[in-house]
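K.L.:
Respectively, the protein sequence lines represent chains A and B.
Mapped onto our numbering, the consecutive letters of the first sequence carry residue numbers 1 to 622.
Mapped onto our numbering, the consecutive letters of the second sequence carry residue numbers 623 to 892.
One or more hints might be untrue.
Unchecked claim - List time: in silico SDA-like cross-link candidates among lysine to any residue, alpha-carbon distance up to 25 Å:
hint, chain 1, residue 1, chain 2, residue 2
1, B, Lys725, B, Phe707
2, A, Lys372, B, Glu795
3, B, Lys860, A, Thr150
4, A, Lys443, B, Val822
5, A, Lys443, B, Lys817
6, A, Lys204, A, Thr77
7, A, Lys171, A, Met1
8, B, Lys853, A, Phe146
9, A, Lys132, A, Phe146
To be verified - To give an idea of the interface, some chain A residues facing chain B are shown, with a C-beta separation under 7 Å as derived from the structure:
hint, residue
10, Ala117
11, Leu370
12, Phe440
No wet-lab data here; the hints were simulated from the structure.
Only a predicted model underlies this, so the values are computations on that prediction, with no experimental measurement involved.
Glycine included, every Cβ here is placed at the ideal spot set by N, Cα and C.
Chain residues, written in single-letter form:
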Amino acid sequence: MEAVKFEQVRFSYESENTNDANQDVFGMDKTDYALDGVDFTVQEGEFVAVLGHNGSGKSTLARLTNGLLKPSSGGITVFGLDATNDKNLFEIRKQVGIVFQNPDNQTVASIVEDDVAFGPENVGIPREEIGKRIDFALHAVGMQEFRHATPSRLSGGQKQRIAIAGVLALKPKIMILDEATAMLDPRGRKEVIDVVLKLNKEEKITVILITHFPEEAMLADRAVVMSDGKIVLEGKPSEILSQGEALKQYALTSPKSIRICRELTERGLPVSDGMDAESVAENILTALRSAGVTAWKDTETGADVDNEAPCDGKGGVVCENLSYVYNAKSPFETYALNGVDLQIHSGDFFGIIGHTGSGKSTFVQHLNALLKVPTAQKKYKPKKQKKGAPPPQKTVLTVDGYDLTDKTTDFRELRSKVGMVFQYPEYQLFAETVFQDVAFGLKNFRAEAKEEETKLAVKEALETVGLDYEEIKDKSPFELSGGQKRRVAIAGVIVTKPEILVLDEPAAGLDPLGKEEIMSLLHKIHAEWCKTVVIVSHDMDEIAENCNRATIFADGKVLRLDTPKRLFSDVEKMVSVGLDVPFTTKVCQILQANGIEIACDYTTADFVEKTLLVAKGGRTNA
Amino acid sequence: MREVAFGQYYPAKSFVHKCDPRIKILFLIVYIVAVFLSKNFYALGACAGVFLLVALFSGVPFKSLLRSVKAILFLLIFMTVLNLFFHTGETVLWRWKFIKITKEGLYHTAFLSARLFLLVLGSSLLTLTTTPVSLADGIESLLTPLKWIRFPVHELALIMSIALRFIPILTDETGRIMNAQKARGADFETGGFFKRVKAVIPILIPLLISAFRRSEELGDAMDARCYAGSKMRTKYKKLTLTWRDVIAFFVVGGLLAGVILLRMHTAWLV
Chain A
1 MEAVKFEQVR
11 FSYESENTND
21 ANQDVFGMDK
31 TDYALDGVDF
41 TVQEGEFVAV
51 LGHNGSGKST
61 LARLTNGLLK
71 PSSGGITVFG
81 LDATNDKNLF
91 EIRKQVGIVF
101 QNPDNQTVAS
111 IVEDDVAFGP
121 ENVGIPREEI
131 GKRIDFALHA
141 VGMQEFRHAT
151 PSRLSGGQKQ
161 RIAIAGVLAL
171 KPKIMILDEA
181 TAMLDPRGRK
191 EVIDVVLKLN
201 KEEKITVILI
211 THFPEEAMLA
221 DRAVVMSDGK
231 IVLEGKPSEI
241 LSQGEALKQY
251 ALTSPKSIRI
261 CRELTERGLP
271 VSDGMDAESV
281 AENILTALRS
291 AGVTAWKDTE
301 TGADVDNEAP
311 CDGKGGVVCE
321 NLSYVYNAKS
331 PFETYALNGV
341 DLQIHSGDFF
351 GIIGHTGSGK
361 STFVQHLNAL
371 LKVPTAQKKY
381 KPKKQKKGAP
391 PPQKTVLTVD
401 GYDLTDKTTD
411 FRELRSKVGM
421 VFQYPEYQLF
431 AETVFQDVAF
441 GLKNFRAEAK
451 EEETKLAVKE
461 ALETVGLDYE
471 EIKDKSPFEL
481 SGGQKRRVAI
491 AGVIVTKPEI
501 LVLDEPAAGL
511 DPLGKEEIMS
521 LLHKIHAEWC
531 KTVVIVSHDM
541 DEIAENCNRA
551 TIFADGKVLR
561 LDTPKRLFSD
571 VEKMVSVGLD
581 VPFTTKVCQI
591 LQANGIEIAC
601 DYTTADFVEK
611 TLLVAKGGRT
621 NA
Chain B
623 MREVAFGQYY
633 PAKSFVHKCD
643 PRIKILFLIV
653 YIVAVFLSKN
663 FYALGACAGV
673 FLLVALFSGV
683 PFKSLLRSVK
693 AILFLLIFMT
703 VLNLFFHTGE
713 TVLWRWKFIK
723 ITKEGLYHTA
733 FLSARLFLLV
743 LGSSLLTLTT
753 TPVSLADGIE
763 SLLTPLKWIR
773 FPVHELALIM
783 SIALRFIPIL
793 TDETGRIMNA
803 QKARGADFET
813 GGFFKRVKAV
823 IPILIPLLIS
833 AFRRSEELGD
843 AMDARCYAGS
853 KMRTKYKKLT
863 LTWRDVIAFF
873 VVGGLLAGVI
883 LLRMHTAWLV
């Protein structure tokens, strides 16, 4: 049976306007349609992925399905019920559950079970039955033990599973996930996707997964690509997602697995497409065997230059024995940092890896004295310090040559030298115009600067982040697109020409193309603008592709600091703290187990290069 | 992670913590009435005795209780000074120009301060032993009779619990925005009144915008989960009275009776 059916659906957010107003002099319709003639069907029990760049109309699709929005024209039915008819709304909403993007903005209660109960309460289910529904829903998402917990203390993935439970408690037949994984870290994303797959298989719930992660779409029965309010591609995920060029045109990318196979094929080693690390490795092995290679060992260990020269001067960070306690001497006392030692060299593109709560954000906030080094260190002694243990060491924190343990240091000057871009920086924009917002920092730090200087600096900063100064300077920051806002926010930080630029999850929430653009922007800034760039990231591939050195934080400590190559070679250690490894590392590992040892630095480019060398070596040997 | 318990709730499993929130709210109201009805130190002493009894059974350390007084310390001092110097009385103890301290003034001030002290301590004991959520539940249940005059009790309670739910989120968000603007050189700590007010704008505007965005998304999420007001709505959690509440009822009833008796028959004490 057809679960959802869209017929020639058009929708415009300007639909309140009269038709006349939206027609130009020739009587042509010039309305800006968010959905423009969409035909779309989902069969019962199907798992459909809807892909599309930001603003492609995919979220509108979700909201139309359960009547949160009404189409301007066309018909929508859900299990045969007309979704455009208000009489059916209640019934349709019982059958169609939506999980939204931001986990914080969809929970109504402060206790998990109360929140899950919200839906069943709304439709008037008796109390005993609600209890059973809560059991069922929490069990289905694997969150039984959190029944009495407070949502705000859970991780992103857990919050989103609670949101799914809240929807499940209404026993829907269809579940729509509207970019429900976009704001999560890889671990949370996996939690949510696993739950969704299970619901689809075991509970036979029809799933519409709206996403811009190609890897997630690979798991679906069918994929639909949207662009500018239209469905542009439709078919099996493996077929759709291997069309690299076509996807690029819609601001999407193929998954890394397919990209690697395609590039190898193009450059002379025919490898058929693989879906995941296992199949990619297998296909490469097959290809290598037919090229005559069955065993290989790279002896060369180059491409791993690490400058170990200590640094205490400009542009770097030296940190020794840094600890930080939240809510000291209260029942909530927690060690956010517990003796952190690390050095960031001048000129590094440095990566900080770790889970939420590992202390990485706390550490980063120390770098420009948003959190001060505790001066009265005796107070913060751990409770269980044994007698005769060595006395606490002195804390050292020097950033860009400024001593942060010294109270007489000019912290304002430091802040102008250490730029800090927080997660979702676009949410800090506030001024009337882009110019004023970017100039904000500059005026704070250099009140005496002349108008001309300010103008020049703002212009330079905006142009560095790839925006057209003349076109954008007088616009309100709130009328820009998501990607543009983020660029403006970054410009507002680099405008003071910091020596060190720190970014917390700079690519979070962006679509694949936006991600790539931001990362290449950071390399540009690194090359032309700031000496040292530090990024905090959950994404191991991002670290492997971009950083020259990286560190892992776990439980308030530095677990290891090394080049990504060495860091990721130690797969066991990464897994032991619950972290993932880059895709290429996984492939290399399987290859190694089969006798092919490739010493690459885990960037895609290097991996392809080295694999081709292996193939070539096989041919010359043969 | 950096969660300072809002409303200073002190997690414990004491007798007082386990009491029904409705009884606790009623208890506090009666206690406040008793404090106001008290005319002399004997009556106030009785109130203080009841307070101490409850505090003892609450398992809340005295330090936490006193911390709540800190917040109104300024008000307390201000009131004391005002009363001490300007209360008219006959027995003058000390005089400097037009300022004088009288015996009656001294007595009156001590009495008022003690009263205020007891009021603040009592109210903070409620918030220390009751989670905001159960407080909201209690208020909703107590206001139920108002449904008869079409007062939107359910909506009010929902608004209250959503507000409570978003306090930690918005607090975090404020912290984040403040940090971000501080990192861009914003200065919230120095300068005169006007400068400080102006400095708040870069925090307030993003915060407002985010609050609106959040409320819109929450509205959608609630709609999607079939929210349609209070009609035909059921409730999963129901408050039930236990033996603890009966004991609490007798304690506070005794206090009220005692204070009223003291008010009528102070004679046999003096």
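K.L.:
If a hint holds in the structure, say so; if it doesn't, say that too.
P.N.:
Evaluation of the provided hints:
Between Lys725/B and Phe707/B the CA atoms are separated by roughly 11 Å; this keeps the pair inside 25 Å, and the hint holds. Taking the CA atoms of Lys372/A and Glu795/B, the gap is about 20 Å. The hint holds against a cut of 25 Å. As the CA atoms of Lys860/B and Thr150/A are separated by approximately 19 Å, the hinted pair is consistent with the 25 Å bound. Pair hint Lys443/A plus Val822/B holds up; C-alpha atoms about 16 Å apart against a cutoff of 25 Å.
In summary, the hint linking Lys443/A to Lys817/B is supported, as the alpha carbons are separated by about 14 Å, within the 25 Å threshold. For the suggested pair Lys204/A and Thr77/A, the alpha carbons sit about 20 Å apart, so the restraint of at most 25 Å is met. A hinted pair counts as satisfied when its Cα atoms are at most 25 Å apart, and Lys171/A with Met1/A qualifies at roughly 18 Å. Restraint check for Lys853/B and Phe146/A: the C-alpha separation of about 30 Å exceeds 25 Å, so the hint is violated.
Distance restraint check for Lys132/A and Phe146/A: the Cα-Cα separation of roughly 16 Å lies within the 25 Å cut-off, and the hinted pair is therefore satisfied. Here the hint on Ala117/A is kept, as its CB sits about 4 Å from the closest CB of chain B, short of 7 Å. The restraint placing Leu370/A at the interface with chain B holds, with a minimum CB-CB distance near 5 Å, inside the 7 Å limit. Satisfaction of the interface hint for Phe440/A is found here, the shortest Cβ-Cβ separation to chain B being roughly 6 Å, below the 7 Å cut-off.
Hint check: a violation occurs at hint 8 only; the rest are consistent with the structure.
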